[in-house]
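Just so you know, the sequences run in chain order Z and P.
Count along the first sequence from 1, add 10, and you get the number used in my numbering.
Count along the second sequence from 1, add 677, and you get the number used in my numbering.
Hint data in this document are derived by calculation from the structure and do not stem from the laboratory.
Possibly wrong hints are sitting among the right ones.
[As the list claims (entries may be wrong)] So these bits of chain P aren't anywhere near chain Z, every CB distance computed over 10 Å: (1) Leu683; (2) Ala699; (3) Gln702; (4) Arg712; (5) Asp760; (6) Ala763; (7) Ala779; (8) Glu786; (9) Leu796; (10) Leu802; (11) Gln803; (12) Leu806; (13) Leu816.
[Said to hold, decoys possible] Per label pair, the in silico range of CB-to-CB distance: (14) Z:Gly246 to P:Arg757: 48 to 54 Å; (15) P:Gln803 to Z:Glu200: 53 to 59 Å; (16) Z:Arg522 to P:Gly680: 36 to 42 Å; (17) Z:Ala199 to P:Glu745: 44 to 50 Å; (18) Z:Met220 to P:Glu745: 40 to 46 Å; (19) Z:His473 to P:Gln803: 44 to 50 Å; (20) P:Gln775 to Z:Arg385: 51 to 57 Å; (21) Z:Gly180 to P:His729: 19 to 25 Å; (22) Z:Pro358 to P:Arg707: 38 to 44 Å; (23) Z:Leu19 to P:Ala779: 49 to 55 Å; (24) Z:Arg522 to P:Arg688: 29 to 35 Å.
A virtual CB, placed ideally from N, CA and C, is assigned to each residue, including glycine.
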Amino acid sequence: MESMDEGILREFLAESLENAEQVERELVALEREPGDLKRIATLFRAVHSIKGTCGFFGFTKLAAVTHAGENLLGRLRSGERTHTPEMADALLALVDAVRTILGRIEATQEEGDDDFQPLIGRLAQLDAATTPAPIAEAPHADADSTSAGPTESSIRVDVHLLDRMMNLVGELVLARNQLLLEVAASDLAELPFTAQRLNHVTTDLQEMVMRTRLQPIGGLWNKLPRLARDVAAACGKSVRLDLEGAETELDRSIIEAMRDPITHLVRNAIDHGIETPAERTAGGKPAEGRLLLRAFHEGGKVQVEITDDGAGLPIERIRESALRQHLVSAERAARMTGRDWANVIFLPGFSTAERVTNVSGRGVGMDVVKNNVERVGGTIEVDSKSGEGMTVRIRIPLTLAIVPALIVTAGGERYAIPQVNLTELIRVEPSEAATCLPFAFDAPVLRYRDGLLPLLDLREVLHTPAVGDAPGRDEAVSIVVLHADGVTFGLVVDVIVASQEIVVKPLIEPLRQIAVFAGATILGDGAVALILDVPGLARHVGIGVRSGVPVAPEDATTSEAPLIPLRTVVLCHAGERWTVAIPQEQIARLEEIPRRSVERIGERALVQYRGGILPIVSLRAVLDLHGSPESADARWLGDRDPLPVVVHEREGRSIGFVVDSIVEIVEERIAVNASPAARAGFSGAIVVRGSVTELLDLERLLGSTPIGLEHTPAHAGKER
Amino acid sequence: MAGERLLCTFRVANHLLGLDIAVVQEVLRRQEITRLPLSAPAVRGIINLRGHIVPAVDLRCCLSLPAEESGADRATIVVRGRDDAASLLVDEIGDVVQVVEASRERTPETVDGLARQLLHGVFPLQDRLLLELDLEEVLRVAYA
């Protein structure tokens, strides 16, 4: 019985909270169009339904407060009163009161002993008075009042999504049954096809299930109009807030994690970015400032942009204070562009504020915003134009449940390192060890670019037993350069195995005390690998917050890195979210071939090219990456027109690989980590633009697949 | 008859131990254990239980018994603790035994230290003693 009551109560809390949010939204909107009767009716209904349900539970305080609000709204609805800013303030205070009470009910099942009589009096006074009553206290929405409210613990899932998931599970069961039958009958000829089907169904199912966790960012957007209104009022500014892309979906937990950074950025933009109406008019701008928040999907990630049309960042002042505080070395400063300077505001300990106001001078700096964004695997950058405003751009992944990671071994055990924390992979040959890996007293360090990095040995940190596959003294050392929370350090591992997407599984509560692990994941062979928590690892060994060399990726090409040869690779998308790198020396040409010139002979696709015949195949089909059922067919070439094609030549013969898109050609000091466990067709992993990318070896790929340059047998594509 | 309970029994070293079947989820053969570095000594690692990550608790270590003799054929009992599932490493799985609650004796005073703290009581069977573990206490000690 008790659990059923609890269920009803939870439902009541969630519903009332939604209603309170709607009231807040409508109130702020009503201020723009005070006469909108539809909005007033919606407001009335929302307040009424909170009042109605709370009577059932006997929450008398909540009933009294909402009753007073309902009366006032009733007058508004019937036209006996007209809407005034004082009413909006009082009704917003009502929303705060409702949230406070709901929060108390959630925590203690009681209403608590806050006194809401003044508020009820104020509402009653507005209800009765013919002239607006003076404001007793200005409502103030701060982050605390929203976080004190009840948290939503249930989500709504689209029925169609569930239907499709159910369908996929059905498919999965069928495929499994088929597999069991075939294994029992040892029908090995059919096995590859069944395995492939299982692969496709599982991939799709995983995608669907992941999508059930996604929610529109609108849930976060909703809170902002009220915040902007209050902050603008507190600063004496006039701001119009526009929100675009509220329907953009991302994982609940990420929306939660983005709440504080986005709130902070909105406050900051209004407090420091947008000028006072007087300043704006003097500068020839409209008195009302504009703040635009946009969210949209791009390249498998969500981008959130916060743009204001204020004064922009004072680049000169940033330069001065950064140099004064020694946050940037003079040598590096000489090479920095205006945009680089703007991004200095994210360095720990930096502040541009000449005065600390109570709105955004709360000791939460931009470095905290950056850390929060990076903690969920995102990146942040700022663009500023003096006098015209600035844009903060945040790129965040859709979900935290599946993350790209690098698999390494230490002492024969496998560990996963999230790619967000990865800066570079380095391989030090024994002959270079003396110069690159000097010792400072007993502490090993890594000579890295123009600085020294602290060096950890993963085996030592984790006390792994000595096992045979650990490289000996005379073998090359593999080092993973990691960064987190402003710290950079090198981690010595035994072998860098591969880069892959992993499903994050949390450890149970008592085991989470071990700060060096962020969770565990199950690898392809069913074995469990622990996921390293890089910030936790740094804290565990006591690497200081500021001891690392600040990592600036743009330095990579300019500074000396004697160990690593300059290489050129072409980055291509082989699947929707799958980027591979192809060494330039293996590519004869990059072409765009119109679809209509593709001819088919049986299973093969050909084009007439430079007076000869060029066979073309889909790279995705050959690699069978995240295949949709179509891609498994070699005839399928993607849906682009023209087709982006990478032409490879060997012994006078050519073959064209159709890719999803050619991203860019990169010339960087790229260290290749040859890995014995690399998948067929790949020669290892490299770090390009901060993320691990697999390096394709077209020679090897052709060697391992029947799709050759010679007469390709029928079905070759299907059988890889 | 009232007060009857079923205990899932197992052997650790030369002790016959039991847990109420209500808290036992399943019994498995020896599982592949992934070592969990820096964990409490009684946590031998984690196992993959059909996609769930479950800690593997070494009962010998909890009970301050000597480490397993080589080649001991270890089995795994998956239990449902108050908060999370866990798996207990034991030497051998026994039968499910019916006991009468009234026949439960207090743990003898001579059982000392930690082991005493982990026992819920003792059931004298015909030929030997069946020691019932206090699961929550075992897990608390193991994770500490």
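Hint check:
1. Leu683: holds, 26 Å
2. Ala699: Per Cβ check, Ala699 (chain P) is outside 10 Å of chain Z; nearest 18 Å; holds.
3. Gln702: holds, 14 Å
4. Arg712: violated, 6 Å
5. Asp760: violated, 6 Å
6. Ala763: violated, 8 Å
7. Ala779: Consistent with the label, Ala779 (chain P) stays out of reach of chain Z, its closest Cβ about 30 Å off (over 10 Å).
8. Glu786: The claim stands: Glu786 (chain P) keeps its Cβ more than 10 Å from every Cβ of chain Z (closest is about 31 Å).
9. Leu796: With a cut-off of 10 Å, Leu796 (chain P) remains clear of chain Z, as the shortest Cβ separation is near 21 Å.
10. Leu802: Consistent with the label, Leu802 (chain P) stays out of reach of chain Z, its closest Cβ about 33 Å off (over 10 Å).
11. Gln803: Answer for Gln803 (chain P): holds, closest chain Z Cβ roughly 38 Å.
12. Leu806: The claim stands: Leu806 (chain P) keeps its Cβ more than 10 Å from every Cβ of chain Z (closest is about 30 Å).
13. Leu816: violated, 8 Å
14. Z:Gly246 to P:Arg757: 48 to 54 Å: Given about 60 Å between the Cβ atoms, the range is violated.
15. P:Gln803 to Z:Glu200: 53 to 59 Å: Given range 53 to 59 Å: holds, Cβ gap about 57 Å.
16. Z:Arg522 to P:Gly680: 36 to 42 Å: The hinted range 36 to 42 Å holds for Arg522 (chain Z) and Gly680 (chain P), with Cβ atoms some 39 Å apart.
17. Z:Ala199 to P:Glu745: 44 to 50 Å: holds, 46 Å
18. Z:Met220 to P:Glu745: 40 to 46 Å: The hint (40 to 46 Å, Cβ to Cβ) holds, given that Met220 (chain Z) and Glu745 (chain P) are roughly 41 Å apart.
19. Z:His473 to P:Gln803: 44 to 50 Å: 47 Å Cβ-Cβ, so the 44 to 50 Å window holds.
20. P:Gln775 to Z:Arg385: 51 to 57 Å: About 53 Å separates the Cβ atoms of Gln775 (chain P) and Arg385 (chain Z), which means 51 to 57 Å holds.
21. Z:Gly180 to P:His729: 19 to 25 Å: holds, 23 Å
22. Z:Pro358 to P:Arg707: 38 to 44 Å: Given range 38 to 44 Å: violated, Cβ gap about 49 Å.
23. Z:Leu19 to P:Ala779: 49 to 55 Å: violated, 41 Å
24. Z:Arg522 to P:Arg688: 29 to 35 Å: Holds, since Arg522 (chain Z) and Arg688 (chain P) (Cβ atoms, about 32 Å apart) stay within the stated range.
Checked against the numbered hints above, the structure breaks hints 4, 5, 6, 13, 14, 22, 23 and satisfies the rest.
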